[in-house]
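All chains, please: the whole structure from these sequences, using the hints.
There are 2 protein chains.
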Amino acid sequence: SGWRQEETSRENESGCVCVAVCLCQAPKSLDSPQGSRSGLYFGDGKRKVDYVLVYHYRRRRASLRGSPGHHRLSIISNGSFPVSGGGGGGGAKKDAQDVRVEQQQDVAVVDVGAADPAEEEKLQIREEFEANLADAGLEIERDKEHKVHGVGFVRLHAPWQVLSREAEFLKIKLPTKKSYELKEVKGFSGKMNAMWRKLNQPFQPKVPQMLSQSRTKFLSHSFSRDKLHLYGAFYKYQPIDLIRKYFGEKIGLYFAWLGVYTQLLIPASLVGIIVFFYGCATVDTNVPSLEMCDERQNFTMCPLCDGACDYWHLSTACSTARASHLFDNPATVFFAIFMSLWAAMFMEHWKRRQMSLTYSWDLSGLEDEEVSGAVHQSLNFFQVSHEPERTGEGVREKLTWRDRLPGYIINISSILFMFSLTFSAVFGVIIYRITTSALMAMSTDPETKSNVRVTVTATAVIINLVVILILDEIYGAVAVWLTELEIPKTETEFEERLILKAFLLKFMNAYAPIFYVAFFKGSLHVLPCSYGFPVNVADISETPFLNFTYRKLKKLYRTLKEKGAAPEESDDQLAKTPQQWDLDYDLEPFEGLTPEYMEMIIQFGFVSLFVASFPLAPLFALLNNVIEIRLDAKKFVTELRRPNAVRARDIGIWYNILSGMGKFSVIINAFVISFTSDFIPRLVYQYMYSETGTMYGFIDHTLSYFNVTNFKPGTAPISSQYDKEVTVCRYKDYREPPWSPLAYQFSKQYWAVLAARLAFIILFQNLVMLLSTLVDWVIPDVPKDISEQLKKEKTLLVDVFLREEKDKLQLIQSLFLKDKDGASTPAALPAQEGEAGPRARCRAASFSQFTRQPSPGQTVKHTEV
Amino acid sequence: SGWRQEETSRENESGCVCVAVCLCQAPKSLDSPQGSRSGLYFGDGKRKVDYVLVYHYRRRRASLRGSPGHHRLSIISNGSFPVSGGGGGGGAKKDAQDVRVEQQQDVAVVDVGAADPAEEEKLQIREEFEANLADAGLEIERDKEHKVHGVGFVRLHAPWQVLSREAEFLKIKLPTKKSYELKEVKGFSGKMNAMWRKLNQPFQPKVPQMLSQSRTKFLSHSFSRDKLHLYGAFYKYQPIDLIRKYFGEKIGLYFAWLGVYTQLLIPASLVGIIVFFYGCATVDTNVPSLEMCDERQNFTMCPLCDGACDYWHLSTACSTARASHLFDNPATVFFAIFMSLWAAMFMEHWKRRQMSLTYSWDLSGLEDEEVSGAVHQSLNFFQVSHEPERTGEGVREKLTWRDRLPGYIINISSILFMFSLTFSAVFGVIIYRITTSALMAMSTDPETKSNVRVTVTATAVIINLVVILILDEIYGAVAVWLTELEIPKTETEFEERLILKAFLLKFMNAYAPIFYVAFFKGSLHVLPCSYGFPVNVADISETPFLNFTYRKLKKLYRTLKEKGAAPEESDDQLAKTPQQWDLDYDLEPFEGLTPEYMEMIIQFGFVSLFVASFPLAPLFALLNNVIEIRLDAKKFVTELRRPNAVRARDIGIWYNILSGMGKFSVIINAFVISFTSDFIPRLVYQYMYSETGTMYGFIDHTLSYFNVTNFKPGTAPISSQYDKEVTVCRYKDYREPPWSPLAYQFSKQYWAVLAARLAFIILFQNLVMLLSTLVDWVIPDVPKDISEQLKKEKTLLVDVFLREEKDKLQLIQSLFLKDKDGASTPAALPAQEGEAGPRARCRAASFSQFTRQPSPGQTVKHTEV
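Protein sequences appear in the order of chains A and B. Just so we're aligned, residue 1 is where the first sequence starts under full-length UniProt numbering, counting upward by one. Just so we're aligned, residue 1 is where the second sequence starts under full-length UniProt numbering, counting upward by one.
Simulated from the structure, these hints should not be mistaken for laboratory data. Fair warning: there could be bad hints in the mix.
Derived EDC-like pairs (lysine to aspartate or glutamate); straight-line CA-CA distance at most 20 Å [what the hints assert, rightly or not]:
1) 791/A / 493/B
2) 489/A / 788/B
3) 784/A / 403/B
These figures come from a predicted structure and were not determined experimentally.
Given below as structure tokens:
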């Protein structure tokens, strides 16, 4: 992606060595773990390759800034350290065996770009960079024979000491042997749980340790290469913990979020199906559609366009009326309320899930700043050199609001301009339809005339598709450009602002046609004597489906392209002995989760915003996601370089976007129900105007009268089969009849219905807001079992702490004895500490008094509490 | 207060010794610090009295549960340890001089209740409690000579070792000598800042160290008894830092919040005054009030009550029309929008202030659980004994939803019942007014008749006051009872739920009359022929003022009572030699901040909810607060026992209540503007009906016609000076005229105006919500300077950490040397650590590796970074 590259050069200009992250993965090692061993280790076969720097000379690849041939320094990493329990192979350091390291990158490739084309300088930068790496304690193995060729790999090994220092620096929580049983639920609910677990069994992925893990926390995991399990069967739960272990927390959170979303789509789909079937069941007893289909009540309707159109009978629209009842019946209103609450419920459910994951992934200690600096964080590893990233920030910090103001102004005006551009495009398509159909209708060729609708629709669809496609691409580029104008301080800030802009623009692009259909189309009704255009073709209802199809096709195209491209490239490389890093480097780089999230959020919009118009939307979203979730997993595992594991405590700005969309959906649903459905007019008729209290007479009530003598010259039907008989035609509006003194003005009914519509919006919006607040309030953010476990952990710590206090003197004595015994290795040096040291220290890192002088015996004693 | 006592007995039943907190303060020590020295120290004159347990035998005091004579064990504390810098007197422990201890209670009295009346058991409990205290390391001095009398004082001294252990346990951040200069703002804004500081100087309270403190953080403060400064001049800023040092964070936050609120009332008052003066300035050019006062346009209005009332001329209501214009003019709408945004701004501003305080008070590390358990936290001191508070929780945790359900049902139904009770009371007062005035109007005595309004209003006011008073007291008790039914798990939960209930009930009690005036009164308009009651007296507009007066009087009464009661009590005690703790014990116990917050929140409601009806509300609130804030401070300093210092990171549930009220105010303001003001009808008239586009004719347009022949029998005026001439009278409503086929039905205008009103509500609500979200989004929660300082602190730590890493081996060697030198006092024992130890440890407590082996030389070296 262009974003990352651009970011790379910018950082370089400010004087600090920066890293662009590309990621790959080693599928081969699955089949022959022994055979690829040489590729995963240094020459000595013992030290694991944790990262690989790739230095290569590219002539043909054009960078975004147009510097055609710049040297690139890349890093490939392999993070499966031998430190993890019973896993890998080399148990070189026994003391670390019970420590599960969080950063378990398998093989990641990191490009280090040098934007300046001067060869000398590049070399210098690279050497300085490598020297800094060595300074930070990393061990380097260079690739002599490749150095003269295009691509050279520099392999890095991070020794245990460096890793533990960094882990401590990032305050990574590590598990201790001190485990405790989670409280088992007893009684009736316990039995229910057991039954549920049994029923659930077939849906659990076949992953080792799933069962033992669910009962006892902090057992050490052995790291196993279970990648194939990640592509499980579609009906099984996702192995979230394994995803997180392999890809890091950020990607783990994405799949967890997707899982929660898909899971919650199930009840929404069910209710949607019920609403749809309610519509099917009541269509034959629904009075308004019966009245419309009743040929005895033969309403002569006014023509729908000037001149060319004829009068028509309402009963010819019978099938449309019946079809619309399926989606527009009283149950739809309750479904809209349900879905608004569903959105609130979804957010709450996700908050809880996130909290559970934060707890079980030990992220609760992760500080905010580190989370917000997630991208930088993953680079800390390479920035221990004293060229601080702050230098760059320092330069930018000096920018005052005067420097920033032009950027912001351009930003806002550009976004507004693009909003209007999108709407202009939509209206352009509509005007195209109107003019084309008007021209074709005037044609004398009867064949042209009969094909008007088909031809106009088909061409409009193509134009629409092309417009969406072009705007989508333009907006993507413009969003990047606009974000750069803002000069955000950190990479995370950059990413968040870019996402927000890209979302706003894509959102408009995706929904503008629907907004038009939902709100503007209905207000096009004017008097039959002055349309100016044919009302019937000013419609783009098919656009949402079109949009959906386009997005699916785009994704399919990309998948096919990737599949086609991959084999070719690997042929070029086959001449050499393919090391693991060569194979990994051939895979597609990982370009961030933004496209994945964006797709799902746009879909969430379809589900929540316009659910009142189409109750089956959740069902289709569910079907799509069940397949999508597995395709995504497959792509991540087999088609992309392994992403750098990035720690994250939440899904960041996406949560805000989701929450904003949930709030927006309330008001949109209120407007859809009150203005585009017949729900309110029906209620008003039944309770205010109907003499019998039933719906009979509703159709007649909604149709106003038009005296055909009031047609303006040229607007009356040119040729009509009704010509002689019609004196008064009907049209759908609440206006005074021709014989009223205020002829054709809005009638009292119009204002009454309008007031009812608006009152409904107020009621709906405030009711749903109140209920959402209640949902928010009733469902605690932290699940009960998690808060209990947190309390328990705290209690354990307190107990240990208090005993420690009492036995302090005794402890110190035993320590002094121990120090004198093992004087060669001071106990305080973490790299050489005994078994108990790092465990006790890491769990209770902030209780410095407690952990300062740990003794193995003491720690074991307290674990029995 | 009844709550705390009740809580005490409940905790006792569950088997653990619990503490009820009463607080007092030592004003005498101000005048003669040397004279009271004997009272502030143990017999040896060296060990400070930190807490005093009071054991006393009371016959006459009835407890809430009705056990008439139970023994009570109380604790008085004196927290001004000699450890604080240049303060107190006894610099016994030099090594601790640079550590500012957070819990600086002066003298606090803590009652330990023993609910069981059996004397033996009480003695046993007391002894066990004291033994536990001694176990925890506290030193006890008993008061032999008083033991046989009614009151006995047991004095406690907390040695340095115990304090440091507890401080570590609570993760209290301590300042280090490692100070850094805060970045000085340069350039234009720097000059502006300096100017502002100079202008501000007279408003700064005269408090030592204010200036040096503002420039350099983490200087050690000397503790000085600056209590008199707390009661500063009304125009000066509050010495928030001193308040916090003396009273603890919780009370500090209250005064800080009150300060922010009062400060933000200044712009609101200014805008309110402008709006009011705009009304004054435009009253003579305002067409509707001119038309009403114009005697040429003499509208004959229909009588306002059946039979007794006569027709009247609209021009007689001229003064009312002019007065109402002052509060109901187009500027009011903008003021309502402004105030809704003001509320959002206030919340944001407070969040920032809270964040600043959290930072400068070093509360950022304070964990959520400790905050939520604030009340328990302050008692931790006495609960290190192994009778854990969890025992009680364990018992309660077993309660399932089945056990809780009845409680919740009773809760909800009771609250609903009390809501309806409040509204019934309001309607009762109205019905009283209607019936009384009807009866009096029918009286033949002309004197009675002329005094109708005065008499009815006066009696109604008294009845209203009594009803409010009774309901207020009942609701207070019912809220406690209801909260107990819920069986909340922790004291904080209990407090929060109680506050929520008490708020809801008080809110209803305070606002029900206003809601009636604002919304129901307007919809009482019915046809003049069937009032059934006189419309003109169905008014309780004076109730809000009444309510306000009542609350002020209640407060005044309490203050007077306290002042009257205090001297008497102290007379009884004068016979003995008055020790400091005797004097302190005579003061009123501190009963929590709930009443203070409640008063302010109710006031905030008046300011935000009904600001559209009365733009001067912020001004009056401001004037009230400027006085109130100082009276509160005086009360806390001189009239109450010194409260236990309680750590808190935020203002808890009050924030949620404020935020909820802010949201509620948006919809209320929307309804007030659209339904109670003439704003919408005027707009509709001007743009839809006025032929000239001006307001001329508006009054005529709003008045419907009534044919006097349509009066029902007995409802026509009995005697009228207009008798013969009137055939048609006018009334204020949008209805069809008598000559219309749909006579007296709502007219088209009615529905149009209704639709406009509702549309305005939707527009207003969503606009304000959008703007509030924008305000929330634009104003960052963390002030920029704070986030910069946090970053700087982190950077300093990182640098230290990295150097430490490099010099590790060297360090260990120097440590071993030091250990052998000073073998008698191991460096790791915190109670005997050298100067550098605790400082370095506490600042970087979580960097255990760094702090494990601190060396004085090393630490000093790094502070120069």
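Verification of the supplied hints:
Taking the CA atoms of residue 791/A and residue 493/B, the gap is about 16 Å. The hint holds against a cut of 20 Å. Restraint check: the Cα-Cα separation between residue 489/A and residue 788/B comes to about 13 Å, which is no more than 20 Å; the hinted pair holds. Note on residue 784/A and residue 403/B: the hinted pairing holds, with a Cα-Cα distance of about 18 Å set against a maximum of 20 Å.
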